[in-house]
Amino acid sequence: MMNLKRLYTALKTDIKKADSVLGMNRRNLGYVYPSNPRKYFEFANNKLLTKKTLEAAELSVPETFLSVSYFYELTEMEEKLRRLKSFVIKPSSGSGGSGIVVISDYQEGDWLSVSGKTYTFADLKKHIADIIFGVYSFGLNDTAIIEERVVQNSLISELSPQGLADIRVINYKGSNIKAMLRIATIASDGRANLHQGGVGVAIDLESGKTFSAQVHGENITHHPDTGIALLGVTIPSWDALLRLSEAAAKAIPLGYLGIDIALSESGPVILEVNARPGIEIQNICGEGMRELLCTIDAGKSI
Amino acid sequence: MRSGVKTPSYIYRFTLFILLFATFSLMGYKLFVLEYELADLIPTVGYDVEVNMQVSGHGDKMSISTYLPIGTAHQNISDERSAPDIFTTQITVDGLNRIASWQAPAVSGTHIIRYNYFVEAEHVIYDIDRDVPISEKLPDYLQPYLAPQEGIQVNDPLIEQTLHELFGEQKPDTYEALRTIHHYLQNEFQTRNFSGFTDALTALKLKEASCNGKSRLFVALTRKLGLPSRLVGGLILNQGSKKTSHQWVEVYVRGHWIPFDTINNYFAEIPKNYLRLYYGDKVLFKHTTNINFQYMFHITKKLVPRKEMKEAMYASPLNAYNMYKIFESIGISQNLLKIILMIPLGALVIVIFRNVIGIETFGTFLPALIATAARETGLMWGLIAFLAIIMVSAMIRRFLDYLQLLHSPKMAIMLTVVVISMLLTTMVAVQTSYLDLAHVSLFPIAILAITAERFAIIQEEQGFLKALRISFFTAVVITAAYAVMSSLFMQSLFIAFPELLFFLIVLNLWLGKWVGMRLSEFIRFRKLIFKAKS
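Those sequence lines, one after another, are chains R and Y.
All the letters of the first sequence, read from the start, carry residue numbers 44 to 345 under this note's numbering.
All the letters of the second sequence, read from the start, carry residue numbers -10 to 523 under this note's numbering.
Calculated directly from the structure, the hints in this document are not laboratory data.
Because the structure is a prediction, the values reported are computed rather than measured.
We put the CB at the ideal spot given by N, CA and C, even for glycine.
None of the hints are false.
The calculated lysine-lysine pairs, modelled on DSS-like cross-linking and capped at a C-alpha distance of 27 Å, are:
(1) Lys502/Y / Lys59/R
(2) Lys399/Y / Lys168/R
(3) Lys216/R / Lys59/R
Here are a few chain Y residues that sit away from chain R, every Cβ distance over 12 Å (derived from the structure):
(4) Tyr(-1)
(5) Ala11
(6) Leu15
(7) Glu154
Let the sequences and hints guide you as you build the complete structure.
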């Protein structure tokens, strides 16, 4: 009997503790649906619209060189494209990083991607045509964005030599709640994606210092490929980054957001905005985020 | 702790109330005013029997015949189906028996004749009055049941001697006679699995026999005592395939033919899974001698609604069954309606798996649709076919990726590939006699193509293992949806009370506001939830 009672009390405490973690059901019903009206989802899902909105608010985003929505534009773009040496092609409505090609060099009429692949103009044209036709956005017509390639800050580059790292900030009603750095690895094929084996590094919101890191749910202290220490690093321009995130949350008419920011040599740049940010960040940071959300709902600042 | 979830509005509560009220008032009306019996909703077991006869010949005339069961107080035969291949079927009645015969003028090569029927039977136990003397005078039509016949040597001295040993000088009453003979054969004789013919005397001398020897001896002994008796041939129904038929006896006592089986010890009793096929000392299959002949019984256990419930519902006004007759009049069968009624229930199962348990599956309601289709193929074949089609199509899709095609034509090719693989599966299934698998063509084709596409995308973006994991979970959810949707109790319940669909909406309305942690999230966030208590 005593043991049963103890078990019951332990279980009750655990369930109470589970209250501090934001589950998927509560994220949707409590935060995404009430704070992010469906009609404004476009501001996150359509990357071209996101960029235009942020640019209008004078926030830094990678410069858009070209956007291609129609087939007749494909031939017209050759001249413009040939003037570019380094750029990124991405579908405006793609998800999970699919359909993104990063070009880093232009030699003898052909382009070279960061992964070492050579692209002729015909190759790029085909890829852009695919994007327009909706290959990366479930068959819906899409727009291809050709934009500036962000050259990341040297310190971040040391942490993430396999590809562009980004900092995901969760923002609720204008306040930054949680932040993590996502690092590309060999396993993640150069993408900063946690599902694919990217490393998630927790950042202390106050100080901008990294304090814990995980890959596939396992705690690590050093980069799995390079062995570089990941903890105790202070992220450069941290205050500017936090302010940029807050300003983006103000510019985009959504209340519960994941804002993805890259750090270039000249400072933070917003890559994209997510209207249904994942909840894995709680595991990365080693703490549930529900209490913080409740504090904000109660009208207090953090 | 305050949360971001708004308290349910009055409109929400009002909708809940209206739907609950509609459900329970309609159910209450049926239960208390129309007197529906809930107990009758619990289904009973029935058996689908397939007689499968494989013949091969060399161009000659061929004829095959066998006995078909007849409905009695013990057994009810329905839903007879025949797949006679090139043969013409003729069904005739010969005395107490029903004979099916198949004929064809020139048969070469191998052919398969199938005949199916559905059996619902009752377990019947008879009470034999004690102290009733064996009647001296019996009507003429019972006389054949007292006479000797081949293999049943009623007047042999050995039979008489045995009866003398069992009963002495005194003539026993009916009950005692049957009791003693039954015990004698049940306990003093070894049961052997001979397949050949054993006559009564041989069985008696050897003190061992299979069912046919024991039955002939039972008949010889009872006839000698003046009790009319006969042999019964039939089948013991168990899930699976078998060739073995069974024989037992029936004895005429005061207007009733009462069953006895001294192999499995049924005294004046016939269990639910005994199927009577013929009366008399017959051979189950007959065929012309110029052929190779093989037969097999395939028996499938099925749950069916109780007869009483069906009758009760037909009888009352405003009843469910009469309602369904409207659909039947335009060609929508009750079976189809049952399936349609079960789809919302399957959807609820999926909602629970997704939102309460937190399992990721392909497509939101794909598992319910596959589970529906699996009613025809059986769960196992349904799952195998589903997984095989998905894997094959996903592989094809990877190949199409390599060719770099635009999305819509690529999806059209995927759809075509799914159709082709279905046709091939069906053809192979028919050739190899896995007829259940042949129903794979009922699968929702477009949804399979989209699922294959999802499989390929997940495989590409998150790895093959992840795609396999989701396939596994999809199979789990299909199984759960199948279990609920094919539950006969649920089917009977929804046919009797279709207003329960409102209740399903209520449950979904409630689940739609449920913000608790999913079970899988307790595992996912275990480090946060169960971390060292300090």
